[in-house]
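With the hints as extra help, turn the sequences into a complete structure.
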Amino acid sequence: MSIISNGSDVRRYLFEYKFDNSEWGIEIVAANPTEANERLKAISWAQYKGEIYAKVPVVPGPMVRALSRIRSVLGI
1 MSIISNGSDV
11 RRYLFEYKFD
21 NSEWGIEIVA
31 ANPTEANERL
41 KAISWAQYKG
51 EIYAKVPVVP
61 GPMVRALSRI
71 RSVLGI
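Residue numbers (the working numbering): 1 to 76.
Treat each hint with caution, since some may be false.
Claimed, not checked - Per label pair, the in silico range of CB-to-CB distance: (1) ASP9 with LYS41: 34 to 44 Å; (2) ARG71 with GLU38: 26 to 36 Å; (3) SER72 with PHE19: 17 to 27 Å; (4) ASN21 with GLY75: 46 to 56 Å; (5) ALA66 with ARG12: 25 to 35 Å; (6) ILE76 with LYS18: 39 to 49 Å.
Keep in mind the hints are simulated off the structure, nothing from the lab.
Glycine included, C-beta positions come from ideal geometry on N, C-alpha and C.
Below, the structure is given as structure tokens:
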């Protein structure tokens with residue numbers, strides 16, 4: 001699940017479910033447990049977009065870090 005939130009203070013929440021005689025878990029990123037439960041309910045509206053082949057972590061460079069600091073100082 002993509003990390004999309006209005007705030008920067010998000011946490012990871014774990015939900016468990018049973019499928020085909022096995023237990024599975026899904027991680028949902030949200031600001032609080034209530035939001036995590038609301039996001040879980042919204043998953044029923046999800047649409048298949050394809051298989052994920054790789055996950056590439058991106059480390060922000062010095063310019064991005066500088067712009068982030070400026071934005072936080074200005075409150076943007």
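We went through each hint and held it up to the structure:
{"no.": "1", "hint": "ASP9 with LYS41: 34 to 44 Å", "in the structure": "violated, 22 Å"}
{"no.": "2", "hint": "ARG71 with GLU38: 26 to 36 Å", "in the structure": "holds, 27 Å"}
{"no.": "3", "hint": "SER72 with PHE19: 17 to 27 Å", "in the structure": "violated, 42 Å"}
{"no.": "4", "hint": "ASN21 with GLY75: 46 to 56 Å", "in the structure": "holds, 52 Å"}
{"no.": "5", "hint": "ALA66 with ARG12: 25 to 35 Å", "in the structure": "holds, 28 Å"}
{"no.": "6", "hint": "ILE76 with LYS18: 39 to 49 Å", "in the structure": "holds, 45 Å"}
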